[in-house]
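Trainee: Protein chains in written order, with our numbering: chain A, 57 to 174; chain B, 368 to 600; chain C, 60 to 224; chain D, 7 to 116; chain E, 2 to 87; chain F, 137 to 220.
Worth flagging that the hints you see were computed from the coordinates, not collected in a lab. Honestly, I wouldn't trust all of these hints.
Covered stretches of chain E (in silico footprint by chain F; criterion: 3 or more residues with CB under 8 angstroms from a CB of chain F, positions within the stretch not fixed) [as the list claims (entries may be wrong)]:
{"id": "1", "stretch": "15–28"}
{"id": "2", "stretch": "36–45"}
{"id": "3", "stretch": "52–61"}
Straight line, CA to CA, 25 angstroms or less: simulated DMTMM-like cross-link-like pairs of lysine to aspartate or glutamate [stated by the list, open to error]:
{"id": "4", "chain 1": "F", "residue 1": "K163", "chain 2": "D", "residue 2": "D37"}
{"id": "5", "chain 1": "C", "residue 1": "K158", "chain 2": "C", "residue 2": "E220"}
{"id": "6", "chain 1": "F", "residue 1": "K163", "chain 2": "A", "residue 2": "D165"}
{"id": "7", "chain 1": "B", "residue 1": "K520", "chain 2": "A", "residue 2": "D165"}
{"id": "8", "chain 1": "C", "residue 1": "K136", "chain 2": "C", "residue 2": "E220"}
{"id": "9", "chain 1": "C", "residue 1": "K62", "chain 2": "C", "residue 2": "E200"}
{"id": "10", "chain 1": "C", "residue 1": "K62", "chain 2": "B", "residue 2": "D517"}
{"id": "11", "chain 1": "C", "residue 1": "K164", "chain 2": "C", "residue 2": "E133"}
{"id": "12", "chain 1": "C", "residue 1": "K136", "chain 2": "C", "residue 2": "E200"}
{"id": "13", "chain 1": "C", "residue 1": "K164", "chain 2": "B", "residue 2": "E468"}
{"id": "14", "chain 1": "B", "residue 1": "K520", "chain 2": "C", "residue 2": "D188"}
C-beta atoms are modelled at their ideal positions from N, C-alpha and C, and glycine is treated no differently.
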Amino acid sequence: MALIAMAAGFILILIGFYGALTNRNILRMIVAFTVADTGVNIVMVTVGYLRDRTAPILDNAVPAADAAARIIDPVPQALVLTAIVIGMGVTALMLAFAYRFYEKKRTLDITKCTELKW
Amino acid sequence: MIRKFAALLLLAGIAAIFMGLLFTYEPDPELNTTARYYAERTAADIGAANIVTAIVVTYRGLDTLGEVTVLFLSAAIVGLVLASGRRKKTAKERTVTPAGELLATGSTLLAPLIMLLGVYVFVNGHLTPGGGFQGGAIIASGMLLLLLTDPLKHFSHTLIATVESLSGILYVAIGLLGIFLAGGFLDNRILPIGTLGTLFSAGAIPLIYSLIGLKVGAEFSSILAHLSETEEL
Amino acid sequence: MKKASAIAILFLTLLIFWLLLNGSLAADIVIVGVVTALVIAILFRDGLAVFSEFRATPRAFLTAFLYLPYFLGELIKSNLHIARVVLTPSLPLNPAIVKVRTRLKSRMGRLILANSITLTPGTLTVELDGEWLYIHWVTAEATDIDAATAQIVAGFEKYLEVMYG
Amino acid sequence: MTIGGIIGGILMLSGAAFLFLAGLGLVRMPDLFNRLQAGTKATTLGTLLTLAGAACLRPDWAVKLLLIGLFILFTNPISSQVLARAAHRTGTPQAAGTVDRLAEDREKRP
Amino acid sequence: MVDILIYIAAAVTGIAFLFALYRFLKGPTAADRVVAFDTMTLVTVVFIVIIALAEGRGIYLDVAVIYALLSFLGVIAVARYLERGL
Amino acid sequence: MSALFIALTILLTVAMIGAALVAVLGKSMPIAILSAGLVSLLASVLFLLLAAPDVAMTEAAIGSGLTTFLFFFILGRVRGGEHD
Numbered sequence: 057m058a059l060i061a062m063a064a065g066f067i068l069i070l071i072g073f074y075g076a077l078t079n080r081n082i083l084r085m086i087v088a089f090t091v092a093d094t095g096v097n098i099v100m101v102t103v104g105y106l107r108d109r110t111a112p113i114l115d116n117a118v119p120a121a122d123a124a125a126r127i128i129d130p131v132p133q134a135l136v137l138t139a140i141v142i143g144m145g146v147t148a149l150m151l152a153f154a155y156r157f158y159e160k161k162r163t164l165d166i167t168k169c170t171e172l173k174w
Numbered sequence: 368m369i370r371k372f373a374a375l376l377l378l379a380g381i382a383a384i385f386m387g388l389l390f391t392y393e394p395d396p397e398l399n400t401t402a403r404y405y406a407e408r409t410a411a412d413i414g415a416a417n418i419v420t421a422i423v424v425t426y427r428g429l430d431t432l433g434e435v436t437v438l439f440l441s442a443a444i445v446g447l448v449l450a451s452g453r454r455k456k457t458a459k460e461r462t463v464t465p466a467g468e469l470l471a472t473g474s475t476l477l478a479p480l481i482m483l484l485g486v487y488v489f490v491n492g493h494l495t496p497g498g499g500f501q502g503g504a505i506i507a508s509g510m511l512l513l514l515l516t517d518p519l520k521h522f523s524h525t526l527i528a529t530v531e532s533l534s535g536i537l538y539v540a541i542g543l544l545g546i547f548l549a550g551g552f553l554d555n556r557i558l559p560i561g562t563l564g565t566l567f568s569a570g571a572i573p574l575i576y577s578l579i580g581l582k583v584g585a586e587f588s589s590i591l592a593h594l595s596e597t598e599e600l
Numbered sequence: 060m061k062k063a064s065a066i067a068i069l070f071l072t073l074l075i076f077w078l079l080l081n082g083s084l085a086a087d088i089v090i091v092g093v094v095t096a097l098v099i100a101i102l103f104r105d106g107l108a109v110f111s112e113f114r115a116t117p118r119a120f121l122t123a124f125l126y127l128p129y130f131l132g133e134l135i136k137s138n139l140h141i142a143r144v145v146l147t148p149s150l151p152l153n154p155a156i157v158k159v160r161t162r163l164k165s166r167m168g169r170l171i172l173a174n175s176i177t178l179t180p181g182t183l184t185v186e187l188d189g190e191w192l193y194i195h196w197v198t199a200e201a202t203d204i205d206a207a208t209a210q211i212v213a214g215f216e217k218y219l220e221v222m223y224g
Numbered sequence: 007m008t009i010g011g012i013i014g015g016i017l018m019l020s021g022a023a024f025l026f027l028a029g030l031g032l033v034r035m036p037d038l039f040n041r042l043q044a045g046t047k048a049t050t051l052g053t054l055l056t057l058a059g060a061a062c063l064r065p066d067w068a069v070k071l072l073l074i075g076l077f078i079l080f081t082n083p084i085s086s087q088v089l090a091r092a093a094h095r096t097g098t099p100q101a102a103g104t105v106d107r108l109a110e111d112r113e114k115r116p
Numbered sequence: 002m003v004d005i006l007i008y009i010a011a012a013v014t015g016i017a018f019l020f021a022l023y024r025f026l027k028g029p030t031a032a033d034r035v036v037a038f039d040t041m042t043l044v045t046v047v048f049i050v051i052i053a054l055a056e057g058r059g060i061y062l063d064v065a066v067i068y069a070l071l072s073f074l075g076v077i078a079v080a081r082y083l084e085r086g087l
Numbered sequence: 137m138s139a140l141f142i143a144l145t146i147l148l149t150v151a152m153i154g155a156a157l158v159a160v161l162g163k164s165m166p167i168a169i170l171s172a173g174l175v176s177l178l179a180s181v182l183f184l185l186l187a188a189p190d191v192a193m194t195e196a197a198i199g200s201g202l203t204t205f206l207f208f209f210i211l212g213r214v215r216g217g218e219h220d
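Next up, chain A with everything else stripped away, as it sits in the complex (with noise of 0.2 angstroms):
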């Protein structure tokens, strides 16, 4: 199981990685963008996951003193939980940027933005 989760995680960043690479609207690479960060979040999770074991949460079904024999690695959780929240505030500022970009080139196609260019 964990096994074919982390293959979905991985062909989710690649799908992703093909978005951001070959759209040129900016919004469309920025859709693509959250796609491979969902995919990256699977991965991470997965590399935490152990078999036949539960949630890292104690309560009536797991009692405390037989918890490091039953709940999963909770490390690359908390991690994740981090990585999350800090994407979600990478795509508001990404957002606000491709709002300014519009305001002022009237286009969201990136290759209209030349002034970057060498």
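Dock chains B, C, D, E and F against the given chain A, drawing on the hints supplied.
Mentor: Chains B, C, D, E and F alone, transformed into the frame defined by chain A:
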């Protein structure tokens, strides 16, 4: 055409690397040392049932402080970028299709419930899945429901900024209290740990996570408000 | 005075929601719930709750009690009806958007009426405009106002009129 | 093997059957509004039945499942109504032979 | 016995999910895809309940509450965008 | 129950890849955004299967919810420029 070809070539290379990673991946049979430490010590040291919360708020509390700061910066920059244009016409003059009566009634009915759900998620962050970030996002979603009903609505930026900075200051203050009363910065043992599984347990974690939740909710709301107050181009 | 009662109703609804969410009556949960519900109720003092505009008479409570089984019965009956339509190979549809009239005046009553109509498959509220409702009907039997009103609205309205007016 | 388990299983199964019918309706219906009818309404009943079945299987979760059910009961009709309204306003094509009083009224009074 | 019933229920639900996915990938108009999206999220709530039953962990149900809420908001956002009310 | 989980994972993977392809290759912009939201939403069920309810909740609330809404706000502002 050449562009597409180059992209495909690059992707093929990355795919080869990924295949290598995928086929040589061997899941660990046991928890590694760090994870074992967290799994064994959390219940006794921190008193939080949700080990991820214990890691996010206490063991790696400083990282979370940095994360909240990054989020604050991104909210501030979004506000700056969007506000720097000259204002041709105010948002009031935009023409929008008004929402139907059903959506208006439904959103006044549901918005308080969504807020309460957000508060539930972050107050119970140490017992159930969820916590400050998720709760904050849900609170911002409640704001969003109001915005969807009436896009010309203006939220009080002063209120949002006040909530945001007040909870931020309190968060850092509780972290500093940890230095004086307990083992270090953001130590949760400034309050009694209590019994595992009740609401008032895990020391200061519910308090810290509530403050994070309010701060994150205010930041997300400010991003949404800034975006909704831009004019149509 | 009216505002105070609105806040009180909202507060009670939120508190009940909170207790359901936590599924426990421990002292700490109730304390936190009271504080949160109070703050949110004051922030949203113009907000509605399910029981704002509810006529608090014994008859209204009885009707509310009877409304639920009636509604669930309608829900299952019309679901079976749609299931039969979907499973028939020839797909016997007769779609129409009909116009019906409601006598309900309160916002909450109209919301519940429209939601009930929407939830029963086969009928779907498309637009609410004053006292007129426009309803998409998969197997329309009548397209004039009075007949459609009698078919779709009358059943629910009978109950809701007592509850919300 | 308890009575609650059997009832819960049967309820879940019938809920799944309604979800299946909803999916079938989504594929078979000719235009958007009919799909909306089949797709979201039958799904609501299917979800509610599944939640009831789960509540029979695990009575200790009943309160939270009831809450999810209530939430769906309140939100789902609103969202499908808003969607239907938007689709009608943007002029989504309808199946042949649909009588449309709303469009007639809108023409009269723009 | 009950396990088998849950298996069958999950399989039937999975077929419903595939139907909705078909409509999402094919759907001629944007609104059709939104309907498919709505159906898929509700089916997913059922999946979450089934996962919670199979794992025997009630805390997973919290995620289902959030799900129900977000499917509602997502559909409303798209609908308001389509009718130019955003 | 392991077979059930594997079947669910495969189902979700197929749906996610389909939605991602629509997001990247599809013609209409709002559908691309909605598909990206769907990818996130399905990913969050995958997280639940991988025993990470915290991450599932975050992905559902932030990755799928707020990000999609931000996209729609911006898309509503730049109407007309979305086709090039």
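Trainee: Work down the list of hints and note, for each, if the structure agrees.
Mentor: Here's how the hints hold up against the structure:
1. 15–28: With 6 residues close enough to chain F, the hint holds.
2. 36–45: With 4 residues close enough to chain F, the hint holds.
3. 52–61: With 5 residues close enough to chain F, the hint holds.
4. K163(F) with D37(D): With Cα atoms ~21 angstroms apart, K163(F) and D37(D) stay inside 25 angstroms; holds.
5. K158(C) with E220(C): 20 angstroms, holds
6. K163(F) with D165(A): 15 angstroms, holds
7. K520(B) with D165(A): 32 angstroms, violated
8. K136(C) with E220(C): OK: K136(C) and E220(C) at ~23 angstroms, within 25 angstroms.
9. K62(C) with E200(C): This hinted pair is violated, its Cα atoms lying about 45 angstroms apart.
10. K62(C) with D517(B): 23 angstroms, holds
11. K164(C) with E133(C): 24 angstroms, holds
12. K136(C) with E200(C): OK: K136(C) and E200(C) at ~17 angstroms, within 25 angstroms.
13. K164(C) with E468(B): Holds, at roughly 13 angstroms.
14. K520(B) with D188(C): 22 angstroms, holds
Taken one by one, the earlier hints fail for this structure at numbers 7 and 9, listed in ascending order.
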